[in-house]
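S.K.: Got chain H sorted already, so can you dock chain E onto it with the hints?
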Amino acid sequence: QVQLQESGPGLVKPSETLSLTCSVSDFSIASYYWSWLRQPPGKGLQYIGRVYASGTTFYNPSLQSRVTMSLDASGGLLSLRLSAVTAADTAVYFCARSRPAYFFDYWGQGVLVSVAS
Amino acid sequence: QSALTQPPSASGSPGQSVTISCTGTSGDVGGYEYVSWYQQHPDKAPKLIIYEVTKRPSGVPDRFSGSKSGNTASLTVSGLQDEDEGDYYCSSHGGAKNLVVFGGGTKLTVL
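Protein sequence lines correspond, in order, to chains H and E.
Numbering of the first sequence is given in the working numbering, commencing with residue 1 and proceeding in unit increments.
Numbering of the second sequence is given in the working numbering, commencing with residue 1 and proceeding in unit increments.
Chain H with its partners taken away, still in its complex shape:
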């Protein structure tokens, strides 16, 4: 059974860097893309990007200049860094397993990150 669990600080100051990790329990972790998505309170979903075990990444062009993702396949750890955050980055952040047909079949429970001073 695939399981994902996000963790990280719930509060980040404006202009600082948001850092989250996602613990992945999947013996085939190296065979899939792993993604981050987010959902501002009361709003819809936004795709942030994805990473493969080889280090190959894709970032949403709207966030590309501020996003870094990595995957430690041996350790089962997915990471997200989002720099220069503003209040608009306040959201529930989800990690998810990506499939080649651009859908997400397993999701973490999500972690709320608020950006405020």
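Simulated from the structure, these hints should not be mistaken for laboratory data.
Glycine is no exception: its CB is placed at the ideal position from the N, C-alpha and C atoms.
Incorrect hints may appear among the rest.
As the list claims (entries may be wrong) - DMTMM-like cross-link-like pairs, simulated, lysine to aspartate or glutamate; straight-line CA separation at most 25 angstroms:
id: 1; chain 1: E; residue 1: Lys55; chain 2: H; residue 2: Asp26
id: 2; chain 1: E; residue 1: Lys107; chain 2: H; residue 2: Asp89
id: 3; chain 1: E; residue 1: Lys97; chain 2: H; residue 2: Asp89
id: 4; chain 1: E; residue 1: Lys97; chain 2: H; residue 2: Asp105
id: 5; chain 1: H; residue 1: Lys43; chain 2: E; residue 2: Glu85
Claimed, not checked - The calculated label-pair distances, taken between Cβ atoms and stated as ranges, are:
id: 6; chain 1: E; residue 1: Ser58; chain 2: H; residue 2: Ala53; range: 41 to 51 angstroms
id: 7; chain 1: E; residue 1: Arg63; chain 2: H; residue 2: Asp72; range: 37 to 47 angstroms
id: 8; chain 1: E; residue 1: Ser13; chain 2: H; residue 2: Ser83; range: 41 to 51 angstroms
id: 9; chain 1: H; residue 1: Ser28; chain 2: E; residue 2: Asp62; range: 20 to 30 angstroms
id: 10; chain 1: E; residue 1: Ser17; chain 2: H; residue 2: Asp72; range: 39 to 49 angstroms
M.R.: Only chain E this time, still in chain H's reference frame:
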């Protein structure tokens, strides 16, 4: 503003059928067979219910079905049950290489 357009709300009585639309462009919904649908209950993660326009993951009831015509995809929920109440989001590949775009979500109410 979301890339894909969904009605903000939909409703139906138990046992009835309801259809939720998801309208995009030839650059996303209309251009690929990569439409998926997610169900989300309050304070929960989204759950995949339809992928590749019409396919259902194991464990998803066959009351849920998907279709597409041109630039509009649709999710039909037949035989509505109380537990179907929640938010539904469509998504599609499109807009840029490897990009996934979402609809703004539809709140389904079971009357």
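S.K.: Out of the numbered hints, which ones does the structure contradict?
M.R.: 6
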